[in-house]
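Chemist: Each chain is listed here by its residues.
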Amino acid sequence: MEFERAGGECVSMNRVGNNDEPPLTAMFNNQHRRVLIVEDEPILAFALEELLIEAEFEIVGVATRLEKALAFIESGVCDAAILDANLAGVSAGPAALALAARGLPFLILSGYSPDQLSNAFAGAPCLQKPCKPERLVAALRAILPAQ
Amino acid sequence: MLRAIRSGEADALVVESDAGPQVYTLQGVDAETNRLRGEMLAQVSDAVIAFDSEDRVIYLNNAAERLYGIAASAALGRRRSKIYEARWLHPEDEAAKATALRDHGEWRGENVHVRRDGRALNVESGVTILREGAGQPAGMLAVIHDVTERKRHEDEVLVSEIRYRRLFETAHDGILILDPGTRKIIDANPFMTQMLGYSRNQLVGKELFEIGLFEDQAASQEMVQKLTRANQVRYENLPLESQGGRHQEVEVVANLYDENGCPVIQCNIRDITERKRSEEHVKLLMAEVNHRAKNLLAVVQAVAQATSKYGDPATFAARLSDRIDGLAAGQDLLVRNQWQGVEVSDLVEAQLAHFKDLIGTRVLIEGPRARLTTSAAQGIGMALHELATNAVKYGALSNVEGQVRIAWQITAAIKPAFLMSWLEDGGPKVAAPTRKGFGQIVIGRMVETAVEGIAEIIFRERGLSWNLSAPVENALA
Chain X
1 MEFERAGGEC VSMNRVGNND EPPLTAMFNN QHRRVLIVED EPILAFALEE LLIEAEFEIV
61 GVATRLEKAL AFIESGVCDA AILDANLAGV SAGPAALALA ARGLPFLILS GYSPDQLSNA
121 FAGAPCLQKP CKPERLVAAL RAILPAQ
Chain U
1001 MLRAIRSGEA DALVVESDAG PQVYTLQGVD AETNRLRGEM LAQVSDAVIA FDSEDRVIYL
1061 NNAAERLYGI AASAALGRRR SKIYEARWLH PEDEAAKATA LRDHGEWRGE NVHVRRDGRA
1121 LNVESGVTIL REGAGQPAGM LAVIHDVTER KRHEDEVLVS EIRYRRLFET AHDGILILDP
1181 GTRKIIDANP FMTQMLGYSR NQLVGKELFE IGLFEDQAAS QEMVQKLTRA NQVRYENLPL
1241 ESQGGRHQEV EVVANLYDEN GCPVIQCNIR DITERKRSEE HVKLLMAEVN HRAKNLLAVV
1301 QAVAQATSKY GDPATFAARL SDRIDGLAAG QDLLVRNQWQ GVEVSDLVEA QLAHFKDLIG
1361 TRVLIEGPRA RLTTSAAQGI GMALHELATN AVKYGALSNV EGQVRIAWQI TAAIKPAFLM
1421 SWLEDGGPKV AAPTRKGFGQ IVIGRMVETA VEGIAEIIFR ERGLSWNLSA PVENALA
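Protein chains in written order, with our numbering: chain X, 1 to 147; chain U, 1001 to 1477.
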């Protein structure tokens, strides 16, 4: 499926892009990698959860609303987050700022292209929906500090 | 006869008149003078006609023959009315002519001569009283200049002036006329004064940078330089402040024209604020459509993955297209409600559209008006779709008598909750499934996430029971 790599991918993928990604579960220690999922689309949140559990991440919560996302971040239970940029019409920008303020890494998963996103997300890797599962896992590993 | 006179073969001409015969000498010294005069007059491009005191033609030159379409032989001795009828442009002109002739012996003026063939000529005439040696009036000499063409042209110019002036006056674009030499405004149409809030007098004499169209004099100069090279310059997007401080986006098209040897610049200034706004809006909408489309593709991707992971590979395509059907029904509703939430009853009807004949008999729906958030509507919509699919395959809608009751309510507690239930009765005996399918995840964990609530699934022998409860603030818009 090489053609899927050619177009539509976010620029920031370049730093994690790698055609020889390791198998999802092998050779990577995900212990204590607690991830928060911020996604308003229930089915996508569920799919992310399934995917990340399979890749041996720990899911600390799924937030479909900004308030809930902020509550998770403030409670200090997560090491990283996956953010949908837009939560039913509400920007997830404040969640990005809250994560950045705590030095927590996060990546953006959005139907918007990077240039359409608010400045609050600047600097974070950005993946465009729909995103291949292995790319997402690789991107998430890339933002977490090596153990 | 005329040829005889012109060639000098005749010595004299006798013309019968009411006052008796008149003798015109054509030979001798007098005749030579007369002939010479005649030759000169014949060369004149204006029509020349001499009348005697009885208003009969005694002379007409070549130009008069041509102008009135009559040969000298046919005209000589005839009354003026046999050659043309005079009409007056203004009723008082006729009397003015008579007065002028009486008092001064001459008249100059403009009127219309209608030829015998009906053709009307606009003419400028000079009429002089001819006198005998003793000073007695002997007739009149008329020199007639045909101005029909000029008049027609003037009329056309007048019509054109009215027409194009009206365009200028009523245009809904601002129009400025500039002098390329001084770069100053020499005219501005009413719309321009309206756009800027300056009067025409305030605009005339100013340069474009002085009315805020360009930043400085250098920019104004640059426009004129560009114009002399290209004859037209276009600025797509210039900010313009009116005197009242209103900000407008304008498009300026400047043309350099030659106006009868004098160059002028015409600037058309169009307010494109609205157009800009609507372009921005369209751009925003397109980005939004793109975002939603990609989001939906991601949803389809997730549903496809889950459908393939949970369930028999042989029925994958059928199960997937059935779920895509459910997603499409949900999408329709969200769009119809402009992504501002969905009424529960609308959501139930949309997801149960296949069973609409059973609604009211085997499918009972009951609940108050309540508007779900977009996320809740998506989660509950998918759950209803899975419940309906399950009911028609294995549950209360798989036989001919089973019933489904769908109900929702909002509890009036300190922390109000949104409750929704799906209760099946009278279907085949139910046994709890041995392994968890995707449908069960959708009506369980997934919908719980969507509403931040709790979903309880009980496989009662007489029928499935599904109860969802969620804090109102998480589920309702």
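Just so you know, the hints here were simulated from the structure itself, not pulled from any lab data.
Note that the coordinates shown come from a computational prediction; the quantities given were computed from them, not determined experimentally.
We treat Cβ as the ideally placed atom computed from N, Cα and C, and that holds for glycine.
Just to be clear, a hint being listed does not mean it is correct.
Among the chain U residues that face chain X by a calculated CB cut under 10 angstroms, a handful are [as the list claims (entries may be wrong)]:
| no. | residue |
| --- | --- |
| 1 | L1101 |
| 2 | E1124 |
| 3 | A1287 |
| 4 | H1291 |
| 5 | A1293 |
| 6 | L1297 |
| 7 | V1299 |
| 8 | V1300 |
| 9 | Q1301 |
| 10 | V1303 |
| 11 | S1375 |
| 12 | A1376 |
| 13 | Q1378 |
| 14 | G1379 |
| 15 | S1469 |
Chemist: A separate judgement is required for each hint: does it hold in the structure or not?
Modeler: How the hints compare with the structure:
The criterion of a C-beta within 10 angstroms of any C-beta in chain X is not met by L1101 (chain U), whose closest approach is roughly 90 angstroms, and the hint is violated. With a least beta-carbon distance of about 75 angstroms to chain X, the hint placing E1124 (chain U) at the interface is violated under the 10 angstroms criterion. At about 5 angstroms, the closest approach between the beta carbon of A1287 (chain U) and any beta carbon in chain X falls short of 10 angstroms, and the interface hint on this residue holds. A hinted interface residue such as H1291 (chain U) counts as satisfied when its beta carbon comes closer than 10 angstroms to some beta carbon of chain X; here the least separation is about 4 angstroms, so the hint holds.
Given hint, A1293 (chain U) at the interface with chain X, holds; its Cβ is 7 angstroms from that chain's nearest Cβ, closer than 10 angstroms. Annotation: L1297 (chain U) was flagged as interfacial toward chain X, and the flag holds, the nearest CB pair being 5 angstroms apart, inside 10 angstroms. Evaluation of the V1299 (chain U) hint against chain X yields a held restraint, the C-beta minimum of about 5 angstroms falling below 10 angstroms. Given the 10 angstroms rule on beta carbons, the hint for V1300 (chain U) holds: about 8 angstroms separates it from the nearest Cβ of chain X.
Look at Q1301 (chain U): its Cβ gets to within about 5 angstroms of chain X, closer than 10 angstroms, so that hint holds up. Checking V1303 (chain U) against chain X: minimum C-beta separation of about 6 angstroms stays under 10 angstroms; hint holds. Using the Cβ-Cβ criterion of 10 angstroms, the hint placing S1375 (chain U) at the interface with chain X is satisfied: the shortest such distance is roughly 5 angstroms. Of the supplied interface hints, the one on A1376 (chain U) holds, with its beta-carbon coming within about 9 angstroms of a beta-carbon of chain X, less than 10 angstroms.
Because the closest C-beta pair between Q1378 (chain U) and chain X is about 6 angstroms apart, less than 10 angstroms, the hint holds. Satisfaction of the interface hint for G1379 (chain U) is found here, the shortest Cβ-Cβ separation to chain X being roughly 4 angstroms, below the 10 angstroms cut-off. This hint is violated: S1469 (chain U) has a C-beta 16 angstroms from the nearest C-beta of chain X, more than the 10 angstroms allowed.
Going down the numbered hints, you'll see the structure goes against 1, 2, 15, while the others check out.
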